[in-house]
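Number of protein chains: 2
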Amino acid sequence: MKAVKTKESPAGRWLSYRPEIKVLDCTIRDGGLMNNHHFSDDVVKAVYTACAESGVDYMELGYKATRKGIVAGEHGCWKYCLEDDLRRIVGDNPTSLKLSVMADAERCDYQEDIAPKSESVIDMIRVACYVHQIPTALDMVKDANDKGYETTVNLMAVSTVPDRDLNEALELLAGCEAQAIYVVDSYGSLYSEQVRYLVKKYLTYCKESGKEVGMHAHNNLQCAFANTIEAIILGANRLDSTMAGLGRGAGNCSTELLLGFLHNPKYDLRPVLRCVQDHIEPMRAKLRWGFDLPYMITGQLNQHPRAAIKYNATEPREDIVKFYDSVNE
Amino acid sequence: MKAVKTKESPAGRWLSYRPEIKVLDCTIRDGGLMNNHHFSDDVVKAVYTACAESGVDYMELGYKATRKGIVAGEHGCWKYCLEDDLRRIVGDNPTSLKLSVMADAERCDYQEDIAPKSESVIDMIRVACYVHQIPTALDMVKDANDKGYETTVNLMAVSTVPDRDLNEALELLAGCEAQAIYVVDSYGSLYSEQVRYLVKKYLTYCKESGKEVGMHAHNNLQCAFANTIEAIILGANRLDSTMAGLGRGAGNCSTELLLGFLHNPKYDLRPVLRCVQDHIEPMRAKLRWGFDLPYMITGQLNQHPRAAIKYNATEPREDIVKFYDSVNE
Chain A
68 MKAVKTKESP AGRWLSYRPE IKVLDCTIRD GGLMNNHHFS DDVVKAVYTA
118 CAESGVDYME LGYKATRKGI VAGEHGCWKY CLEDDLRRIV GDNPTSLKLS
168 VMADAERCDY QEDIAPKSES VIDMIRVACY VHQIPTALDM VKDANDKGYE
218 TTVNLMAVST VPDRDLNEAL ELLAGCEAQA IYVVDSYGSL YSEQVRYLVK
268 KYLTYCKESG KEVGMHAHNN LQCAFANTIE AIILGANRLD STMAGLGRGA
318 GNCSTELLLG FLHNPKYDLR PVLRCVQDHI EPMRAKLRWG FDLPYMITGQ
368 LNQHPRAAIK YNATEPREDI VKFYDSVNE
Chain B
68 MKAVKTKESP AGRWLSYRPE IKVLDCTIRD GGLMNNHHFS DDVVKAVYTA
118 CAESGVDYME LGYKATRKGI VAGEHGCWKY CLEDDLRRIV GDNPTSLKLS
168 VMADAERCDY QEDIAPKSES VIDMIRVACY VHQIPTALDM VKDANDKGYE
218 TTVNLMAVST VPDRDLNEAL ELLAGCEAQA IYVVDSYGSL YSEQVRYLVK
268 KYLTYCKESG KEVGMHAHNN LQCAFANTIE AIILGANRLD STMAGLGRGA
318 GNCSTELLLG FLHNPKYDLR PVLRCVQDHI EPMRAKLRWG FDLPYMITGQ
368 LNQHPRAAIK YNATEPREDI VKFYDSVNE
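As you go down the protein sequences, you meet chains A and B in turn.
Numbers 68 to 396, taken from my numbering, label the letters of the first sequence in order.
Numbers 68 to 396, taken from my numbering, label the letters of the second sequence in order.
It should be emphasised that the hints constitute simulated quantities derived from the structure, not laboratory data.
Owing to the predicted nature of the structure, the values given are computational and were not obtained by experimental measurement.
Note that beta-carbon positions come from the ideal geometry of N, C-alpha and C, so glycine has one too.
A portion of the hints provided could be inaccurate.
[Unchecked claim] Pairs of lysine-lysine residues, derived as BS3-like cross-links and limited to a Cα-Cα distance of at most 27 angstroms, are as follows:
hint: 1; chain 1: B; residue 1: K165; chain 2: A; residue 2: K333
hint: 2; chain 1: A; residue 1: K353; chain 2: B; residue 2: K353
hint: 3; chain 1: A; residue 1: K389; chain 2: B; residue 2: K112
hint: 4; chain 1: A; residue 1: K333; chain 2: A; residue 2: K89
hint: 5; chain 1: B; residue 1: K184; chain 2: B; residue 2: K165
hint: 6; chain 1: A; residue 1: K389; chain 2: B; residue 2: K135
hint: 7; chain 1: A; residue 1: K389; chain 2: A; residue 2: K377
hint: 8; chain 1: B; residue 1: K89; chain 2: B; residue 2: K112
hint: 9; chain 1: B; residue 1: K267; chain 2: A; residue 2: K267
hint: 10; chain 1: A; residue 1: K112; chain 2: B; residue 2: K389
hint: 11; chain 1: B; residue 1: K353; chain 2: B; residue 2: K389
hint: 12; chain 1: B; residue 1: K89; chain 2: B; residue 2: K135
hint: 13; chain 1: B; residue 1: K389; chain 2: B; residue 2: K377
hint: 14; chain 1: B; residue 1: K353; chain 2: B; residue 2: K377
hint: 15; chain 1: B; residue 1: K389; chain 2: B; residue 2: K333
hint: 16; chain 1: A; residue 1: K184; chain 2: A; residue 2: K135
hint: 17; chain 1: B; residue 1: K89; chain 2: B; residue 2: K274
hint: 18; chain 1: A; residue 1: K89; chain 2: A; residue 2: K112
[Said to hold, decoys possible] Covered by chain B, per the in silico footprint, the following chain A stretches (three or more residues, Cβ under 8 angstroms):
hint: 19; segment: 126 to 138
hint: 20; segment: 250 to 260
Can you make the complete structure from the sequences, with help from the hints?
Given below as structure tokens:
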């Protein structure tokens, strides 16, 4: 991959790397949306070990979420990421791999749910919000920052946000404590030209305030990895990926594709290949994530994948043309 | 998709289209490499009908190949595309869909195997060659052109061709009778920056001689569709795709993704969705094409996928890390 701002021939820039790039593997967090966060400890440990051994920079284990009104057993423990659950897997995390959790705006009692950093193995809180939730997100970032965590903001569903709103949102986010702001293609509907447009815009706001830009892509149009590359080329340094692309619906940019692309010698593909083969792929028959026509169709229409998820959960599947017509109505 | 040479905001160029773009569906031709060209007539007819109804510009049915030394039954009829076999499917082809076949350099007795256009329903002969076969390819193009066909040259495995050779090859090809020259990513190893470099180079040679540039991508790195978009953005007007990406190894840019991206109202996704669901996906369990770790690994290494194809044909599969180490030796 090329360094930013060089304009030499591909041969000249192809073999370099940008040390600022950080890979965050969110297999367990995003994959948790496919199984209500019910992973066996074996799987979580295997992903943790593979991340540590492969040189991945961050691993995201799940969410911090409100426990008000929860139904016992409905969600696995990675919906809440209590300290005891985390430490059962990572102990005191005696590795250079950093750990993160995500907190959705309005779905987390963050004042109580998030302990001070001194009491936690978590290194980073990633606040996810829709554009109308920015004020809440800013409060959450401040809270986590004050508690001693690294923070980021993941502004979701950006493909549906008009520029006039996005500009205002980025202006607000540029002033917050977070270290990075993510372009989040929640619907998997962005093409490379749109990614380039958005990453450039984010960089404009973030560079002034010393923040990094991140990319979180979905694979509805088989562009998750390709779009992540485009973001890298423009200067995005925070990259989300998951092993075998495990994640909601069509899934994510895959960690093995991303590590294979990055030229930093600290990354090693072998532990990830091992983990994918032994622990992730065996879940595919049941969880059935990944590129599929219904997800493609909602992606092409820039729609939330919920209609596709519902369609795929029904056995036998309805006629695909009927589905296509129903979401086009 | 954007028109070439406009530099407006994405919103301004996003909704236009370039009427010169032609989509060639090579489901039966490239897919034939996964089943020795043994398709049932039902499947070939379904693909033909879907191509015609969806506004696809060309359909490629198979190869013209030497029949010397053939073993009866080893290959299906789409390895040879005899006129009787073609007409059994398409009659006199009373549609606006054009038909093409591919002829590999040194694998076809083209003087005899290819009849004059006046005796055939075929519209276009696509000559495929490696860089060292260019002289033969030029002879084949001339022969087909003289016989009355449209012609193209598909220069294979370009990811392994040094620039000094490629420049000379393109200089030679620029002088031939073909209407288009294709960037062919046989190993599925190109990233978008490399696609941009190559398409620009091809355009330089082709524009002067009034030829179009084409793109034929493979999906080893999940970039087949994304790379095809990049080629379009730069000005490539001939685009190969296959339904559900059916094709050798990791498969191709999928026709449904491509039609969903192109904004020309002549294209209709519905007939393709119907065909994929009813005729293509039912073959997947047996033919097992598509993105998979071994294909990713050979793609990342810019190797021919043959080691991955062999690995995938062995049951049970060997350990993936062992495979990774073996191709890295």
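Checked hints:
| no. | hint | in the structure |
| --- | --- | --- |
| 1 | K165/B <-> K333/A | violated (51 angstroms) |
| 2 | K353/A <-> K353/B | holds (20 angstroms) |
| 3 | K389/A <-> K112/B | holds (22 angstroms) |
| 4 | K333/A <-> K89/A | holds (11 angstroms) |
| 5 | K184/B <-> K165/B | holds (13 angstroms) |
| 6 | K389/A <-> K135/B | violated (48 angstroms) |
| 7 | K389/A <-> K377/A | holds (14 angstroms) |
| 8 | K89/B <-> K112/B | holds (21 angstroms) |
| 9 | K267/B <-> K267/A | holds (23 angstroms) |
| 10 | K112/A <-> K389/B | holds (22 angstroms) |
| 11 | K353/B <-> K389/B | holds (25 angstroms) |
| 12 | K89/B <-> K135/B | violated (34 angstroms) |
| 13 | K389/B <-> K377/B | holds (14 angstroms) |
| 14 | K353/B <-> K377/B | holds (15 angstroms) |
| 15 | K389/B <-> K333/B | violated (48 angstroms) |
| 16 | K184/A <-> K135/A | holds (23 angstroms) |
| 17 | K89/B <-> K274/B | holds (17 angstroms) |
| 18 | K89/A <-> K112/A | holds (21 angstroms) |
| 19 | 126 to 138 | violated (count 0) |
| 20 | 250 to 260 | holds (count 3) |
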